[in-house]
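Protein chains in written order, with our numbering: chain W, 1 to 649; chain S, 1 to 154; chain F, 1 to 573.
Hints are not guaranteed to be accurate.
Claimed, not checked - Cross-link-like lysine to any residue pairs, in silico, SDA-like; alpha carbons within 20 Å at most:
hint, chain 1, residue 1, chain 2, residue 2
1, W, LYS340, F, SER40
2, S, LYS35, F, SER40
3, F, LYS169, W, GLY339
4, W, LYS40, W, TYR148
5, W, LYS274, S, LEU108
6, S, LYS10, W, ILE115
7, W, LYS609, W, GLN628
8, W, LYS557, F, GLY57
Unchecked claim - Listed next, the stretches of chain W that the computed footprint assigns to chain S, with coverage defined by at least 3 CB atoms under 8 Å from CB atoms of chain S:
hint, region
9, 221-227
10, 292-298
11, 334-341
Stated by the list, open to error - Chain W is faced by these chain S residues, among others (derived, beta-carbon under 7 Å):
hint, residue
12, ASP3
13, HIS16
14, ILE20
15, SER60
16, GLY77
17, HIS81
18, VAL103
19, ASN106
20, LEU108
21, GLY121
These are calculated hints, taken from the structure and not from any lab test.
No residue lacks a Cβ here, since even glycine has one placed at the ideal position from N, Cα and C.
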Amino acid sequence: MAEITNQNNKDFIINSILLNDSENYTKDILDKLSFIKRDKVTFPVITVSQNSCSIITGTQNLTQIIKDYLVERDIKAHVIEVGSLGICSVETLISVQLPGKTKLLYKDVSEENVIAILDGNFNNYIAEENVFCQFRNTMHEPYENLPYLDEISFFSNQQRIILKNCGIIDPGSIDEYIAFGGYKTFVKAIRHYTHEDVCNIVDESNLRGRGGEGYFTGKKWKIALNTPAEQKYLICNAGESDPGAFMERLLIESDPHKVVEGIAISAYAIGAKKALIYIEWEYDLAIKRLSNAIQQAKEYGLIGHDILKSGYSLDIIIKKGAGAYVCGEETALIASIEGKRGRPHSKPPYPATKGLFGQPTIVNNVETLVNIPIIIEKGANWFNSIGTANSKGTKVFSVSGKVEFVGMVEVVMGTKIRDIIYRIAGGIPKNKRFKAVHIGGPSGGTLGEEHIDTLVDYDSVILTGASLGSAGMVVLDEDNCIIDTVKYFMNFLQKESCGICIPCREGTRRMYEILENISKRPKDDFGHTTLQRFKGVMQLENLAEVIKDTSMCGLGKKAANPVLTTLKWFRDEYEEHIFERNCSAGVCQELRTFEINVEACTGCTLCAKKCPTGAIFGTPKNTHFIVQDKCIGCGICYETCKFSAIISK
Amino acid sequence: MPDIDSILEKYSYTQHDNLIPILQEIQDDFGYLSKEALVKVGDYLKIPTGKIYGLATFYSQFRFEPKGKYHIRICNGTSCHINSNFIILKELKKKLGINDGEVTKNGLFSLEETECMSGCGFGPVMMVNEKVYTRLTLEKVPEIIHFYLQIENE
Amino acid sequence: MITIEVNNQQIQAKKGETILEALNRNGINVPTLCRMEGFSPTGACRLCVVEVEGKSGLIPSCSFPIDEPLKIKTHSPRVIRSRKMLVELLLSNHPDDCLYCVRNGNCELQDLAEELNVRERRIAGNKSKASIDQSSPGIVRDPAKCVLCGRCVRICEEVQEVSTFDFIKRGNKTSIATSMNKDLNFSNCIHCGQCIMVCPTGALHEKTNFDVLLEMLNNPDIKVIAQFSPSVTVSIAEELGIRSGKDISGLIINALHKIGFYKVFDTAFASDMLIYEQAAELVDRIKYKGNLPLISSCCPGWIKYMEQSHVDLMENVSTCKSPQQMMGSMIKSFYAQQETISSEKIFSVSFMSCTAKKFEAQREEMTHKGISDIDLVLTSRELLKLIKLYGIDVQLLDEEIADNPFNTRSSAGKLVAASGGIAEGLIRTFYFLSSKNEIPDYKITKLRSSKDRREIFIDIDDSRIGVAVVSGLKHANKLLEEIRNGRDDLHYVEIMACPGGCINGGGQPFCNDDKILKARLKTIYDIDEKEGLKVAHKNPNLIQLYEKFLGEPLSVKANSYLHTKYSKRDVLL
């Protein structure tokens with residue numbers, strides 16, 4: 001076999017690293033660590049990016065293909081599956097590290113071209129169209145004329161603190177995680193800190209929950225810590241399910257041990273002996289890697305009874321969510337874990353005093369929890385030195401939509417939205433014009449050109465009417481219609497509302513219907529529908545305010561955000577749809593009008609035959625014309641015309 | 001042959017919070033939740049089937065009829081929407097004559113709109129069983145369906 | 001006590017109570033929809049929202065506990081605007097057929113729209129396409145009118161433990177449905193009608209068949225015979241402008257005669273018959289060591305529930321038909337023979353406070369040679385409509401007595417209307433049957449308390465007889481579980497599906513007022529107090545009936561006319 005694995009280093013790891021309180025390791029230890037971290041390699045090492053973003057490009061068998069290739073060519077090399085570097089648009093990535101050389105990264109690798117790339121690499125030929133960059137490492141000989149990873153603007157403009165390991169380390173290896181400094185903080189916490197100590201550090205760090213509400217994590221923890229109870233629970237909310245955000249999923253897939261460590265420290269902080277991870281059932285790879293990480297941590301005695309003889313015991317279990325966006329709301333999440341319909345409940349009581357099974361429960365999302373180890377390690381002051389006055393630390397976003405580089409990025413709080421879109425994500429492709437950026441998923445808001453210099457932190461974004469929410473950032477260009485996008489979110493919300501409280505259930509549905517009405521042509525100009533169309537629009541704002549004011553949970557309270565923000569910043573587009581009955585982006589299909597270009601029409605009669613309302617007239621071999629009164633704007637003629645004679649307006 | 005009883009046996013304590021995991025496991029094995037399954041689970045956990053049905057219909061994971069032979073999952077995430085997935089979806093519905101969550105009469109195809117499949121860089125994205133299709137265009141839809149119909153005809 | 005400020009006035013609130021409780025106690029009402037007295041608040045409908053200073057959104061007063069001094073505005077423009085909008089949202093896709101709706105005039109949604117001054121449809125929603133479920137013999141469901149307040153779900157689950165209904169799906173597809181979204185007749189619904197009683201709109205109502213009745217009343221070949229249950233007469237007075245709770249049997253009899261019923265009989269007569277038969281059955285079971293405890297069988301809701309959920313106790317359940325069916329059976333046999341009317345020419349109608357009776361009447365066991373004993377069951381509510389339809393001003397009528405031969409009754413037969421009544425009447429007769437002496441103290445106070453479960457132990461000669469009474473199937477389940485687990489000190493158990501018995505039945509006029517229930521109860525006990533004839537076995541016409549026709553209790557004839565059998569029901573539980 002060509003595959004070479006690290007020997008089991010369990011004893012070394014526990015005694016020399018985790019239980020070693022000295023900051024200065026001996027050279028012996030350092031050497032061994034360096035070996036585990038693969039600073040120097042004696043065989044070629046190939047890493048294959050295997051995460052949900054790369055698999056979707058159809059490369060789930062890539063690792064096997066590479067292994068087979070190595071066996072075939074009798075090459076001794078080490079193949080490792082890693083998570084995601086965050087740059088999804090160029091997946092699938094593989095890296096090749098030859099002994100003595102820097103690590104080389106290839107992009108757009110597929111099951112078809114991988115052999116050619118590897119063949120070239122092992123024969124001193126670098127496939128030009130696939131090579132992406134090299135990793136900086138002064139100990140090794142670099143490739144010439146190749147940029148370093150930290151020179152690529154996608155990476156150079158980020159500040160990767162919690163994503164540091166992502167795409168670099170083997171998510172399936174606890175040794176590697178520990179070699180990169182992992183679990184050390186957890187062990188230190190349970191051995192040398194009290195519960196209060198940990199809560200205090202987090203409180204002083206001013207860390208705010210990354211789930212959207214932005215509560216101060218330390219404050220919330222202290223409530224749970226100070227509520228006397230038989231059992232306390234820590235729940236890691238990994239049920240992202242925002243339709244435009246994928247960073248937590250990638251984060252778990254790339255660095256599952258970091259999540260486990262974050263959970264372990266947090267559970268210790270509030271004195272919970274049981275922690276649960278609520279994760280969507282569809283995230284199968286994340287669940288697999290997380291289960292494996294928990295299993296390894298158990299084997300190393302980092303989870304379980306009397307952890308490393310500290311007297312602290314912790315059990316972590318995974319609860320698979322069955323698919324409901326509203327279960328991202330903490331009370332609904334708790335109901336779901338208890339085996340009920342995932343509907344939220346009125347607060348108070350807050351989960352911190354009365355949550356899962358009636359016991360004090362802290363629900364934090366993945367990103368909040370992965371911040372914990374480094375805060376405890378480096379201290380509250382260090383964390384306070386990053387970010388803005390009221391928003392400390394970094395924030396991870398998933399940037400998608402009309403940008404050059406879709407992906408998961410981490411920036412310091414207070415970075416400009418413009419920098420994220422243009423400097424990191426590479427701007428709008430195909431020279432199209434930027435129209436808007438939607439932040440925060442269905443509960444978030446849409447901001448236009450004039451707000452592109454808004455800073456991403458809790459307060460600045462709120463001022464624009466949007467919210468950080470799940471931190472999905474979707475960029476729209478001139479081809480996208482604002483009404484259509486808002487309609488999309490309202491449709492999502494009306495389907496995902498738990499359906500209990502009237503404002504959210506009925507309100508989202510009516511808002512959707514109103515938006516649908518204005519993106520359609522009225523059936524006739526004098527009839528009932530025209531009147532209703534206007535009435536509905538007049539109520540849209542009013543309705544949105546009431547929904548915000550009266551809904552039971554966060555989902556409902558924020559459900560109106562997409563409508564409210566767009567009404568505020570893109571009013572002209574609403575007006576265009578309502579008064580001019582025109583969608584200049586051409587997305588609202590039923591508003592389109594069609595005309596026949598007299599020059600191009602050959603009189604083939606095809607369009608007239610296909611028109612469902614008989615709105616096209618003309619005799620064979622003569623120019624046809626469209627009767628606008630009869631046209632419903634379905635666009636079938638546009639699609640059928642072989643001579644591009646039909647023009648959409 | 002999977003059977004419900006051996007799934008139930010694994011859950012030695014009959015707490016309410018085991019309900020969803022049990023249903024998930026049954027669905028994993030059988031592909032859907034049958035009436036018989038609900039009755040058995042209700043009997044085991046002492047929960048009325050009406051309650052189980054109410055719970056299961058709340059979550060999008062659970063289905064109550066078998067999937068089609070070719071289960072089409074089309075991503076309806078924000079990014080795919082921005083990239084005009086609705087045109088693809090409309091075409092699919094038209095070609096297959098079914099809506100989200102339905103199965104064609106001959107049992108060949110079933111359609112499911114899903115949340116983000118993490119293919120945001122390559123949208124619109126869809127999957128037919130395990131096979132992924134990325135950067136879909138209107139023209140590709142009939143080709144893909146035709147491909148599977150061809151397999152059936154052979 | 002905490003002082004809170006409401007609309008700039010100080011009021012006193014108890015620590016921990018909800019804002020709504022404090023407001024109501026101080027004479028301020030805010031509208032509610034999902035709220036149910038005696039149930040924990042869900043905070044779902046949001047109509048009870050108030051403005052609390054320092055809170056960003058509006059606060060649901062029904063679930064927000066007062067822990068500190070608060071400044072509250074209950075009717076500020078912001079609050080009114082929100083409430084109004086919420087009601088408009090409910091109305092936006094509500095079927096606009098109030099004039100045709102069974103609840104026209106006593107609909108909570110109508111009231112809310114009126115109270116909040118909704119005068120135009122500002123938001124038009126797509127109408128619901130859900131179809132009406134007419135499959136059940138007792139209850140009709142019209143999902144388009146459902147406002148999803150969840151009250152039916154809660155009463156069915158938390159009071160009856162039947163759980164026929166639950167919310168299904170979510171978001172805009174949320175609805176209330178039975179298991180597997182089947183029609184009601186395939187479900188485990190026991191037709192008790194408690195869901196109808198709590199439904200704020202016309203989404204749930206009883207199945208009506210007036211047309212048949214009107215046709216029959218006008219058919220000269222058909223004799224339409226009515227009977228009315230003991231609970232009906234004490235439950236409709238207030239709806240006719242008479243003091244609530246007053247027993248108006250005399251007026252009802254007159255009204256029914258005026259409407260054109262050929263004869264009007266008092267079902268209380270049959271209640272005496274039931275007590276007599278069942279007491280004999282109990283004597284028999286004790287003597288021959290039959291299955292004990294004997295469990296009552298007069299409530300059709302309970303019987304269906306037993307057939308689906310307590311099949312193992314089937315042998316314990318008395319074989320006696322309910323009073324309605326006993327009477328029906330006597331009308332088409334004894335009475336028809338006596339008057340030489342062919343039983344096919346009789347159209348037998350009963351007025352009951354119950355929707356499950358509609359189901360009971362069409363059970364196969366309740367037919368004789370293909371002819372059903374009861375042809376039509378109408379509820380108290382329908383009786384009121386009938387009186388109105390025929391334009392009868394009840395207040396101007398004289399009292400009449402029911403027709404021979406089923407017109408006498410003991411007060412025991414009247415007690416049956418309330419939970420505990422059958423047990424009390426049965427003890428009186430059972431005492432006589434087993435000791436040949438009348439019971440020294442007729443009034444059995446212990447069975448008249450308002451406790452969830454009432455138990456009494458009576459010494460007759462050398463033996464001690466245990467009797468338990470429960471109403472509301474949740475309490476029945478608890479008791480039956482004890483019996484299943486080996487409890488053996490009970491000889492008789494009375495079970496009524498509706499909490500409080502028939503006076504709170506699913507066919508009664510809508511009232512949310514506890515006082516009205518208490519008034520009904522008081523009337524029944526007053527009747528018992530004043531009545532000379534207090535025991536079923538001394539009912540003179542009943543004695544005659546046995547002499548002329550039935551022989552004695554449990555005779556072969558009595559068995560064939562007055563007793564029935566049960567079988568397991570296959571429904572989705």
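Outcome of the hint check:
{"no.": "1", "hint": "W:LYS340 - F:SER40", "in the structure": "holds, 17 Å"}
{"no.": "2", "hint": "S:LYS35 - F:SER40", "in the structure": "violated, 32 Å"}
{"no.": "3", "hint": "F:LYS169 - W:GLY339", "in the structure": "holds, 15 Å"}
{"no.": "4", "hint": "W:LYS40 - W:TYR148", "in the structure": "holds, 18 Å"}
{"no.": "5", "hint": "W:LYS274 - S:LEU108", "in the structure": "violated, 45 Å"}
{"no.": "6", "hint": "S:LYS10 - W:ILE115", "in the structure": "violated, 45 Å"}
{"no.": "7", "hint": "W:LYS609 - W:GLN628", "in the structure": "holds, 17 Å"}
{"no.": "8", "hint": "W:LYS557 - F:GLY57", "in the structure": "holds, 8 Å"}
{"no.": "9", "hint": "221-227", "in the structure": "violated (count 0)"}
{"no.": "10", "hint": "292-298", "in the structure": "violated (count 0)"}
{"no.": "11", "hint": "334-341", "in the structure": "holds (count 6)"}
{"no.": "12", "hint": "ASP3", "in the structure": "violated, 21 Å"}
{"no.": "13", "hint": "HIS16", "in the structure": "holds, 4 Å"}
{"no.": "14", "hint": "ILE20", "in the structure": "holds, 6 Å"}
{"no.": "15", "hint": "SER60", "in the structure": "holds, 4 Å"}
{"no.": "16", "hint": "GLY77", "in the structure": "holds, 4 Å"}
{"no.": "17", "hint": "HIS81", "in the structure": "holds, 5 Å"}
{"no.": "18", "hint": "VAL103", "in the structure": "violated, 19 Å"}
{"no.": "19", "hint": "ASN106", "in the structure": "violated, 27 Å"}
{"no.": "20", "hint": "LEU108", "in the structure": "violated, 23 Å"}
{"no.": "21", "hint": "GLY121", "in the structure": "holds, 4 Å"}
Going down the numbered hints, you'll see the structure goes against 2, 5, 6, 9, 10, 12, 18, 19, 20, while the others check out.
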